[in-house]
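Could you build all of it, start to finish, from the sequences and the hints given here?
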Amino acid sequence: MLQRRTFLAAGVIFTTVASFSGLTPTLAQSGGRRKLLFIIQRGAADGLAELAPIGDPHFSSLRGRLLEEAESGFALDDMFSLHPALTNIAALYRQGDAAFVHATASAYRNRSHFDGQNVLETGGAEPYAVKTGWLNRLTALLRAAQPSVPVPAVALSQDIPMALRGPAETSSFTPSRLPEPDSDFLERVERLYGDHPALAAALQTGNATREMAGDAKPVNPRDSKASGALMARLMSGADGADIAMVETSGWDLHANSPRRMRQVLSRLDGMVEGFRSGMGDSWRNTLVIIATEFGRSAAINGTNGTDHGTGGVMMLLGGTVRGGRVYSDWPGLSNSQLLDGRDLRPTIAQESAISGAIAAHFGLDSQRLQSELFAHVSGSRPYFGLVA
Amino acid sequence: MLMAEYAERRFGLGPKASLTLPSDPKRYLKRQLERYDPRPSVIAAAPSRETIARATSDYLEMLRANGVIGDAGDNRRNSNMRQDMTGAKGSNLNREVRKFFRTSARDFYSQAVTARITAATQSDNAFAERLVHFWANHFAVSIDKPIVLGFAGVHEFEAVRPHIMGRFADLLKAASLHPAMLIYLDQTQSIGPKSTAARIAKARRRNRQLGLNENLAREILELHSLGVRSGYDQNDVVQLAYALTGWTVSGLSRGRLAQRLNLDGNYGALAFAKPLHQPGSVTVMGRKYSQSGKAQSLAILDDLATHPSTARHIATKLACHFAADEPPSSLVARLEQDFLQTGGDLSSLYRTLIDSPETWQAQGKYTSPWNWAIAVNRMHPGKALPSRQLLNAMRMMGQQPWKPGSPAGFGDRQSDWLGPDTLLKRIDISHRIAAQIPSDTDVRQMARQLFPETLTAATAQELSRAESMKQAYAMLLVSPEFLRR
Chain A
1 MLQRRTFLAA GVIFTTVASF SGLTPTLAQS GGRRKLLFII QRGAADGLAE
51 LAPIGDPHFS SLRGRLLEEA ESGFALDDMF SLHPALTNIA ALYRQGDAAF
101 VHATASAYRN RSHFDGQNVL ETGGAEPYAV KTGWLNRLTA LLRAAQPSVP
151 VPAVALSQDI PMALRGPAET SSFTPSRLPE PDSDFLERVE RLYGDHPALA
201 AALQTGNATR EMAGDAKPVN PRDSKASGAL MARLMSGADG ADIAMVETSG
251 WDLHANSPRR MRQVLSRLDG MVEGFRSGMG DSWRNTLVII ATEFGRSAAI
301 NGTNGTDHGT GGVMMLLGGT VRGGRVYSDW PGLSNSQLLD GRDLRPTIAQ
351 ESAISGAIAA HFGLDSQRLQ SELFAHVSGS RPYFGLVA
Chain B
1001 MLMAEYAERR FGLGPKASLT LPSDPKRYLK RQLERYDPRP SVIAAAPSRE
1051 TIARATSDYL EMLRANGVIG DAGDNRRNSN MRQDMTGAKG SNLNREVRKF
1101 FRTSARDFYS QAVTARITAA TQSDNAFAER LVHFWANHFA VSIDKPIVLG
1151 FAGVHEFEAV RPHIMGRFAD LLKAASLHPA MLIYLDQTQS IGPKSTAARI
1201 AKARRRNRQL GLNENLAREI LELHSLGVRS GYDQNDVVQL AYALTGWTVS
1251 GLSRGRLAQR LNLDGNYGAL AFAKPLHQPG SVTVMGRKYS QSGKAQSLAI
1301 LDDLATHPST ARHIATKLAC HFAADEPPSS LVARLEQDFL QTGGDLSSLY
1351 RTLIDSPETW QAQGKYTSPW NWAIAVNRMH PGKALPSRQL LNAMRMMGQQ
1401 PWKPGSPAGF GDRQSDWLGP DTLLKRIDIS HRIAAQIPSD TDVRQMARQL
1451 FPETLTAATA QELSRAESMK QAYAMLLVSP EFLRR
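Line by line, the protein sequences are chains A and B. Counting from 1, one number per residue, gives the positions in the first sequence under the numbering used here. Counting from 1001, one number per residue, gives the positions in the second sequence under the numbering used here.
There is no bait here: all hints are sound.
Only some residues are given here: those of chain B computed to face chain A with a beta carbon under 8 Å:
(1) Ser1190
(2) Gly1211
(3) Asn1213
(4) Glu1214
(5) Val1228
(6) Leu1423
(7) Ala1458
(8) Glu1462
(9) Val1478
If you're looking for bench data, these hints aren't it; they were derived computationally from the structure. Being a predicted model, the structure only gives us computed values, none of them experimental. Ideal Cβ placement from N, Cα and C applies to all residues, glycine included.
Following this line, the structure appears as structure tokens:
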């Protein structure tokens, strides 16, 4: 059978972005500040289920009983079918606000979630080699040039996730279920922290973040649409954060995956919809990156699920995305084409796609941005064309 | 006196309000190891594994009767399932069944949480209780997977508590092969591709794939024993997964396969079903194992338990927990040597930790949300705080018991819990809890008694300037002194 090798949109599209000289964002951005939301899928999301390569001749034999979703999904072309639970994302795709990068992975080639997530979040070549997160380093870069906002970057979580940790001031937020103490009490606590800079800084940032959120009500964790809307709220207005991160979980589906995959994907889809509608007009200045630490085994395992793999999917959504297309250099799924005879072989470096997209989004020099965020791939060329 | 404070906070779970600080802190801690009670009455009274498994089995049976799941517990693509998805006829019943289970499982869970909180709060052997929490987090199961909800407490109470003073090999085997862990990491569904069961299924040409699941094997190597990046590879994972096939949980299914394997009774018991086991020898970390049946995986676990990588892994984690995020290498090396010399005698390891100067000299980490909430409860004057309130507090701070979000457990570094949001949550919670103290509490006196050496003049002054005892108490709970251990 003829092997399809699709270059749906090759990584060789050069835009004027490449010619920008430095890391100073251009003022050419029209109509307001650019916003970036990073959604991490913890647990290794199954890219072959999210965006099924139904046109690959080997796909159906690998997936067996997991095929039904792929067949009832949104056919984007004769090669790829988007999972049927992703209705809002499918609509964004049709209107040109969603793109997918398929068969992508970070530099990490082993199969530990925790090491893989560390690489995805620090941007290092090896787990724990880099001590700060790439979103934090991006925050510092933008902070140097953008008009200052009280909290430049925020995560919708209790802890600050690794990607946002580092020297730049970042925050985290979840609505409190308890009444807030009066300001007199808070001032007294602030005095208690007079000789404790770490506590004082955390308190100050926390207070500023609460101010941004206003009277946000507690969100039911199952209500992902409300989480998306809350995230939009933290990023909106003159004082809103420009960079934000949300963590999602439930992707590690070793067994009985179809039902649970439907659930987690429809939660993700709801979050995107809540966020998009919450951003209103700012959506056109927004980029959403959805990424996972690695993909899953190409073949179904013995328990109607999949095990840890390598290549997977990254999604790019938002008004600045050159959407309505799948960016892929499809590696094929025959046994000899699979990595180690079991995983989708990555053909696009995740780091390169992220830095290419972010550079274009914020009007930064892509080569220099890439060396700042992902030093280990600094010799290679960022992936262009994802974002206009 | 300083060491006495550290014995309570750094090694223990914080001072009780009634405490007299110990005169010989090291001896005090070692005595706690001897006095440790693996099964205090409050733990013994928690719902049993059998009770929880029976309810789970009833639930699965109802789903099966309604055609939502197939024989082995996997999804069946039939008309009922589709109706359930589309919300058409049949969905109400299924929703009811699921609701029933969620309610009763949540009940089991909250009873177990109450038992855990009570044991930690009442204990006079708080160092030993800290070790229970440390090991339960090392061998983490998470209620993120709904079916684990009822079983999470049982895992800690049955598999961790009885073994923390013995050999690491016994703890490893008990915790990694406990029914809750098998359920959490999908082992109950892993079947040897060349096993008798798989061959029969194939011969009958039933359109069902039976086979291997690598999840438990990978986490045993990566998290429970050797540690990540310690030299094992994908092939070791698969070989261990083969050896583990056969381990399963009895009484969860009453389907045909379970009946044939004699697994339809004995609710919630650990079982080894030989027809599911992959026959033949396996090679793990360069060593060949030719035993048959369960002896094979038990032999592998015994070897993993005393492997030098495991010694290094455990020594590092323990030092990180008690001393510092980046523990002194001298401390790690001493613990590692102890582990290697004794073949993983855990009591010896803890004694070495007590006798090591590094932990006493360290600056002291900020407390984790769980530790902080327990410390608040241990010190609380007056009527005990309801465990539901504490559970909510832990949820708000992102450290709800047995819900770490991954098999790696909760992060154990300060940066994992000193974010702006969790600090503000502690302030909110302190403010609320302070409203619940008796009005005659003398907070200044309490602070001097429990923090005689570490209480700074600045904090003492702020406490004395508070507008009320309740406000002073709330300030004490979020003071730098109380936040550090």
